[in-house]
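For the protein sequence lines, the chains are A and B, in the order given.
Each residue of the first sequence is one higher than the one before, counting from 3 in our numbering.
Each residue of the second sequence is one higher than the one before, counting from 45 in our numbering.
Among the hints, a few may not be true.
[Stated by the list, open to error] Straight-line alpha carbon distances no greater than 25 angstroms define the calculated SDA-like cross-link-like pairs of lysine to any residue that follow:
1) A:Lys88 to A:Tyr109
2) A:Lys281 to B:Gly185
3) A:Lys142 to B:Thr162
4) A:Lys281 to B:Thr162
5) A:Lys144 to B:Thr162
6) A:Lys142 to B:Asp265
7) A:Lys182 to A:Gly278
8) A:Lys281 to B:Ala316
9) B:Lys237 to A:Lys88
10) A:Lys144 to B:Glu177
11) A:Lys144 to B:Asp265
12) B:Lys187 to B:Glu177
13) B:Lys237 to A:Arg224
14) A:Lys142 to B:Glu177
15) A:Lys142 to B:Val167
16) A:Lys281 to B:Asp265
17) A:Lys144 to B:Ser140
18) A:Lys281 to B:Val167
19) A:Lys281 to B:Val198
20) A:Lys142 to B:Lys237
21) A:Lys281 to B:Ile317
22) A:Lys144 to B:Ser166
23) A:Lys144 to B:Val328
24) A:Lys281 to B:Phe313
25) A:Lys144 to A:Lys88
26) A:Lys88 to A:Ser105
27) A:Lys142 to A:Ala238
28) A:Lys281 to B:Val328
29) B:Lys237 to A:Ser105
30) A:Lys144 to B:Ser305
31) A:Lys142 to B:Ser166
32) A:Lys182 to A:Ser166
[What the hints assert, rightly or not] Partial chain B-side listing against chain A, Cβ under 7 angstroms, derived:
33) Ile86
34) Ser207
35) Phe210
36) Phe212
37) Ile317
38) Leu323
39) Leu326
It is worth saying that the hints were derived from the structure and are not from the lab.
Note that the structure is a prediction, hence the values are computed from the model and not measured.
We put the CB at the ideal spot given by N, CA and C, even for glycine.
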Amino acid sequence: MDLWKRYIPVLFLLALVVAVQLITHFTETSYYLTQLTMSAYYSVVVIGLCVLMGYGGQISLGHAGFFAIGGYLAGALTTHSLLPIKSHGLVAFLHKIGLLVASKDLYGGDLLTVEPWAACIVAVFTAGIIALAIGGPVLKLKGHYLAMATLGFGIIIFRIALASAYFGEADGISGVPSFKLLPGLEVSGSFGARVLNYYIAWMVVIMGIILLLNLIHSRVGRALRSIHGAEEAANAMGVNTARYKLYIFVLSAVFAALAGVLVTHYNGGIGPSEAGVMKSVRYVAIVAVGGMANLWGALIMGIVLNFLSLRGVFGSYDDAVFGVILIVIMLFAPEGILNINPWQRLKSLFSLLAAKPGENTTE
Amino acid sequence: MQYLRMTPELFIQYLFAGITYGIIYAIVAIGFNIIYNTTGIINFAQGEFVMLGGMTAITMTAFMPMPLAIAVAVLITMVIGALIEMVFIRWLESPSVLRMIIITIGISILAREAALHTWGESVRALPYFIGNEVTSVTILGAKISPQVLWVIGVCSLMVAGLSLFFKFTSLGREMRACAANRRAATLCGINAKNMVTLSFVLSAGIGAVAGCVMSPITYSDYEMGPNLAIKGFTVAILGGLGNSLAAVAAGLLLGIIEAFSVSVLPLAFQDAIATSILLLILFVRPHGLFGSSEAAGLKEF
């Protein structure tokens, strides 16, 4: 029964995804699907971060870094030709076991690149390993220190992307080929594959959501909530807090990296702005607006805000809008926008105003 | 591993560059410390005060002589600091650390965006206080710009002034009392909330002064804040959070390491160095190089 209840929203989401596609089809507004696809991928980062922040209580200002590790590695591996070092033993071996593909570039030159599936696995795996390596020491920190350490990690990744010729410096990587998931099913930005890619993206989101829903209702989820509530108490009860925190940190990094890989193939490229600090802050903002420990809230806000931002609704005030959202939510509704009880808020605001004059006279 | 032949003159040159940047980082770190001591908050918008000070002064020089422009810019930044505290922080009742981190990040974004829409993306600079970019004085055989001496001099004066202020004036003592025990200070009749506002004013003020004196050599633009903030934070941690004199030593250390790193690493990685040091320190000695590990045992990292 309980299980059934858990999946009703998922079914509802599935129906909504299909309905939106049909509506855009019949109203001839299917150009919206492009932004909806992108929003879906960004939301994969957001829901991963939501479990880390909301349920685990660990802030990360470095998730754009993991997104970039995924995107940049997948982009670089599937774009840079290995032909010049073809005689190298390792390259020859990879070619032999079919992990490399030969293709032609725009000008008809021969290319020998890593197969997207292999590149994807390498990219996501690398992000996971890095998360595992830095997660140990980073998650020992709390509060400001944790925020600064993750911010620092994000900055290092950004600097590396910006300073290495291999990752295209300020230009980033372009000309990334499409990613054939299965025969006939490929992640690409080509016009004809728009509807298909919309469904691919949303399938990824739904699979992610199901995974996370099961996770937070499992032993791991209970352990995480106990860590958020009172870490010392959880520890004393025998919960291995360090291990669970690390586990969820790595999982959210993997989510971010996977999203990075898919976005890079979908857009056909990636630039250093994807690794920027503002992107990380934006993910945090979305989780905060969604209500921290609220997976569905994070997903809804992730879709809405990313969609509006990608449509260019905020114009040149894009970053400013996210700044305002962060401040307003944290000042007035730290429980998230979906958890507001308007009447309650209004009452407490009035009582605050009423208390103000009295407070000043205590001087 | 020597890519550049290090002559004594070059050594002095690098040393002065290191000290110049180092003392600026130290000022930012002290700004962090002042606010941290009275509130327990790390103000992520600290670098924005430096940016606002420099940029406002540059605009003001069009209307008035430079010393006056700098004074006005510092005053404006101090008022902004006070406003930020009053609007966003004063009325929150025991907010969680996570909430404060996110709010100050939001403030820093807003300050940056406001600067972007006011001044645009262009890089600006105040004129040199004495002479111009080619004027130099010779120290131990190395040619040093007088502006470098201005930066070092003004920042040293600020550090000295601040320690005198905290030690010998009653206002400074009241602030320290709030830092030590807010409740007890309130019981002694100190208005703790005003002390918090004052800490924002002070830290905005010293940030703005640093922003003005450094502007001729390092230039100012709307997005200089976060970079300075992360380095200032590195320095604050390196010295032990809350300890301002140690922050000066740590600032000089980081500045000099950065300056000499140019001779072994590509310039593009210079910023990554400070950040790597930050991570290393956080992992290994979160109480700082000069902090005691015993006292650190009582704190939460």
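Item to check | Numbered hints the structure breaks, given as an ascending list | outcome: Numbers 2, 3, 5, 6, 7, 9, 10, 11, 13, 14, 15, 19, 20, 22, 25, 28, 29, 30, 31, 32, 34, 35, 36, 37 - these are the hints that the structure violates, sorted from lowest upward.
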